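Protein chains in written order, with our numbering: chain A, 1 to 88; chain B, 1 to 136.
Honestly, I wouldn't trust all of these hints.
Some chain B residues close to chain A (C-beta under 8 Å, calculated; not the full set) [stated by the list, open to error]:
id	residue
1	ASP13
2	GLY29
3	ASP47
4	ILE76
5	GLU106
FYI, nobody ran anything at the bench for these hints, they're computed from the structure.
Owing to the predicted nature of the structure, the values given are computational and were not obtained by experimental measurement.
Where a beta carbon is used, it is the ideal one built from N, C-alpha and C, also for glycine.
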Amino acid sequence: MGWSGLRGLPVKNRLKELREAQGWSQGALADRLDVSRQTVNALETGRYDPSLPLAFRIARLFGAPIEAIFDPEQDDPAGVGTAGAGLR
Amino acid sequence: MTSDLDIARSAGDRARARAYYRDFAPAIGGYTLVMLAVLAWGGLDGDAPSRFVWALLPLLPALLVVRAVARHLRRIDDYQQTLLLRGLSAGFAVAMASAITLGLLEAGGLHVQGGGWFVYGAGMAGWGGAAFAGCR
């Protein structure tokens with residue numbers, strides 16, 4: 001189970017699709033985001049959800065809003081996420 | 001599909017690795033040299049009080065190793081920090097469990113020769129095991 005699973009709300013993302021559309025390798029994207037290639041791989045495979053600053057850097061790099069790149073897998077009718085779920 | 005380019009380290013990865021080795025190599029080299037000096041001239045088998053100073057000398061370069069890891073921790077990104085800290089946490093937990101086990105055995109009258117090194121080895125193995133699991 002990855003860190004996303006531990007926090008309770010897995011988040012899907014289009015990072016791989018967007019990266020490949022640009023013709024970038026994971027390493028090239030990592031350099032543009034100032035993170036490691038391992039981190040890009042973890043993001044693309046859903047093992048890691050980015051911090052807010054990193055999510056903003058990704059959104060800025062691809063010229064898209066965060067919600068166009070990241071999408072919670074589960075419906076959240078209350079619209080409040082599962083904040084605090086990991087603290088139970 | 002994963003291409004060859006996807007498994008190559010980025011320029012940033014290589015720069016961070018180089019910076020880490022620049023810190024780590026002299027520290028571990030110094031540790032090795034001091035250990036050899038202690039074994040050669042420390043007189044650890046004797047009874048001179050100075051042998052305790054000799055015995056503690058390797059702590060100085062060992063602190064440089066700790067410094068290298070701490071500086072590396074500051075250089076890497078959030079995800080890598082999480083993996084490294086998770087590994088360190090696992091190593092700490094294993095070391096504590098080992099120390100308690102040894103303490104209880106000694107309370108029962110069983111003296112384990114080199115018990116401190118056993119605790120150290122167990123902690124490092126815990127760290128390494130957690131790091132390996134995190135990379136998979």
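Hint-by-hint comparison with the structure:
Checking ASP13 (chain B) against chain A: minimum C-beta separation of about 5 Å stays under 8 Å; hint holds. Because the closest C-beta pair between GLY29 (chain B) and chain A is about 26 Å apart, greater than 8 Å, the hint is violated. At about 52 Å, the closest approach between the beta carbon of ASP47 (chain B) and any beta carbon in chain A exceeds 8 Å, and the interface hint on this residue is violated. Satisfaction of the interface hint for ILE76 (chain B) is found here, the shortest Cβ-Cβ separation to chain A being roughly 7 Å, below the 8 Å cut-off.
The restraint placing GLU106 (chain B) at the interface with chain A is violated, with a minimum CB-CB distance near 37 Å, outside the 8 Å limit.
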